[in-house]
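A.B. asks: Chains as they are written, first to last, in the numbering used here: chain A, 5 to 323; chain B, 328 to 586.
Each hint should be verified, as a subset may be incorrect.
What the hints assert, rightly or not - In the BS3-like style, the derived pairs of lysine-lysine whose C-alpha atoms are separated by at most 25 Å in a straight line are: (1) B:K584 / B:K567; (2) B:K584 / A:K282; (3) B:K567 / A:K282; (4) B:K584 / B:K377; (5) A:K21 / A:K282; (6) B:K525 / B:K377; (7) B:K377 / B:K523; (8) B:K377 / B:K507; (9) A:K282 / A:K20; (10) A:K289 / B:K567; (11) A:K21 / B:K517.
As the list claims (entries may be wrong) - Okay, the calculated bits of chain B under chain A, using three or more residues with CB under 8 Å as the criterion: (12) 407-419; (13) 540-554.
Just so you know, the hints here were simulated from the structure itself, not pulled from any lab data.
Remember, predicted model here, so these are calculated numbers, not experimental data.
Think of the CB as a built atom: it goes at the ideal place given N, C-alpha and C, for glycine as much as any other residue.
Each chain, letter by letter, is given below.
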Amino acid sequence: MAEVLVLVEHARGAVKKVTLELLTAARSLGVPGAVVFGPPGTAAALADRLAEYGAVAVHAAEADDIDDYLVAPKVDVLAAMVTDRAPTALLVASTAESREVAARVAVRTGNGLITDAVGLDADRTATQSIFGGAVTVRSTVRTGTAVITMRPNSVDAVPAPAGVELHPVPVSLSDEARRSRIVERVEEARSSRPELAEASVVVSGGRGVGSAANFAVIEQLADALGAAVGASRAATDAGWYPHSAQVGQTGVTVSPQLYIAAGISGAIQHRAGMQTSKTIIAINKDPEAPIFEIADFGVVGDLFAVVPQLVEELARRAG
Amino acid sequence: MNTVVLVKQVPDTWAERSLSSADKTLNREGVDAVINELDEYAVEEALRLKEAHGGTVTVLSMGPARVTETIRKVLSMGVDAGIHVTDDALHGSDAIQTARAIAAALGTVGWDLVLTGVESTDARMSVLPALLAELLGVAQLSRARAVTVDGQVVRIERSTDDGYQVVEATLPAVLSVVEKINEPRYPSFKGIMQAKSKPVTTLGVADLGLAAGEVGLAAAYSQVTEVDQRLDRQVGQVVKDEGDGGVKIADYLVARKLV
Ligand SMILES: Cc1cc2nc3c(=O)[nH]c(=O)nc-3n(C[C@H](O)[C@H](O)[C@H](O)COP(=O)(O)OP(=O)(O)OC[C@H]3O[C@@H](n4cnc5c(N)ncnc54)[C@H](O)[C@@H]3O)c2cc1C
Ligand SMILES: Nc1ncnc2c1ncn2[C@@H]1O[C@H](COP(=O)(O)O)[C@@H](O)[C@H]1O
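Using the sequences and the accompanying hints, generate a full structural model.
C.D. replies: And the structure:
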């Protein structure tokens with residue numbers, strides 16, 4: 005059976021949910037092989053988890069300084085693997101860095117690229133949702149390897165345990181791969197809540213929330229639902245919530261099962277980042293707010309009355 | 328330092344956008360065409376770098392004839408000259424072919440820095456800067472929310488999902504900027520008048536040294552096979568809060584098995 009390579013996303017010693025989704029999607033195309041980048045020892049620690057979702061091989065591309073340079077080292081390794089192994093597809097998550105890696109691998113190996121797939125068929129046909137969800141297209145690539153980036157939350161991750169083998173991949177960083185050096189990493193905000201891009205439920209607040217302190221109202225609802233917290237640009241620009249929480253055209257694109265927008269008008273740039281959410285609920289005191297045009301369920305009202313009542317009601321029902 | 332700034336003309340985001348039924352490429356008919364708003368930040372940053380370090384700024388845009396409007400707009404913001412890559416043979420090019428054509432066009436001028444926006448609001452691929460760095464064999468500095476240039480060294484703050492990274496490279500480089508970086512200027516009246524006499528070079532496929540068969544829809548690496556323009560979203564229900572708004576949402580969530 006054909007091989008499908010999956011670029012593994014991991015943080016703090018854990019495989020990210022999106023990678024388990026990609027492995028699930030990969031199984032419908034062929035036999036998944038996972039590629040792990042990191043310092044020595046990284047892949048061995050992740051192998052069991054990857055095997056649980058069907059990876060039969062874990063390729064360990066390990067070097068002490070591999071994470072010190074932007075994008076290019078990963079391109080070197082993956083392009084060589086694509087050329088040598090001619091997999092039917094290379095699947096990566098639609099995150100900022102991985103899509104750049106994917107694009108460069110595609111052009112270097114002469115293969116076609118599809119970004120932001122929300123579905124994938126056994127014949128490598130990808131489904132994409134474009135123009136803010138208004139149009140759905142199906143695309144294929146005409147080349148030997150299809151390089152495809154997939155949006156998190158597009159497929160359900162389903163376990164399918166496999167016996168896994170660990171393969172070391174030789175890594176030697178060329179001068180070209182060291183052109184863009186990462187000299188510092190700054191994490192602005194980290195919470196114990198799920199990661200925004202991957203969360204199955206997102207609760208977002210906008211200008212209507214009014215202040216940083218008032219975001220506690222949004223956080224309480226998020227915690228009641230096990231959700232990530234998002235924000236509109238108006239709220240992040242005002243400094244009420246970290247920029248990394250911004251949902252939209254120039255923030256994070258989310259596609260959760262449930263998206264709740266409170267005090268957000270629904271500007272086109274905000275919608276661009278959340279319109280493919282499966283269910284959208286809006287709370288806004290202005291009945292004309294454009295967010296209601298895309299909401300499955302909307303409440304015209306004051307978020308400071310509606311949201312706390314919802315939190316209470318969820319607690320009451322949970323019993 | 329000489330900079331080339333890349334801008335794309337896109338259909339207005341507020342307009343109803345569609346794909347043509349004939350060849351499944353972007354429908355440009357009857358839709359207002361505007362500058363990709365995210366590219367205005369790249370233009371502004373190019374002008375600021377010129378103000379600080381000297382040199383010239385050239386705008387480059389690939390697309391059909393009406394793209395000249397976008398090029399004129401950018402010239403009126405203060406950019407020195409324009410390059411318009413246009414040819415019927417380019418119609419339907421995918422991201423990789425677009426990158427190849429733009430890389431070839433960049434080969435016709437001297438530059439130290441190529442500046443781009445972070446993504447185009449129509450295609451939303453956010454890959455062109457990475458593709459160009461690859462094809463040109465120069466450093467990739469993408470998603471900058473701050474830039475400093477010191478001699479040949481460029482340092483950026485690259486925005487990431489949980490903060491930022493400081494990334495450093497030596498010129499030449501391809502640099503994309505996010506909207507947090509600056510506030511783009513408006514064209515002045517003087518700028519608009521001066522733009523009329525600034526030079527714009529037009530380049531076709533032959534000028535780029537590309538064969539017509541290498542670019543365009545027929546040679547694209549990827550292909551759209553089906554288009555579904557039906558809105559997948561049903562119109563939802565909107566209720567007024569009568570003191571029970573929270574309860575109603577809870578009911579809805581329970582009914583849909585979302586909690
Ligand atoms: C280049 C560019 C990129 C951008 N990128 C993004 C992006 O990525 N993400 C993004 O979100 N925006 C983005 N924007 C900004 C976008 O255009 C809007 O300005 C922004 O989304 C508005 O945020 P908002 O809905 O919170 O604020 P507003 O539009 O001011 O809406 C606030 C809403 O809250 C309601 N409200 C007020 N008080 C209450 C209350 N007590 N209870 C209930 N409702 C209340 C009001 O009725 C109103 O509808 C971008 C803009 C540009 C130019
Ligand atoms: N046809 C084009 N002409 C000039 N620049 C472009 C073109 N397409 C994309 N770009 C540039 O590349 C950036 C990223 O585009 P994309 O990868 O299509 O999302 C844009 O913000 C532009 O700066």
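A.B. asks: For this structure, which hints from the list above don't hold up?
C.D. replies: 4, 11, 12
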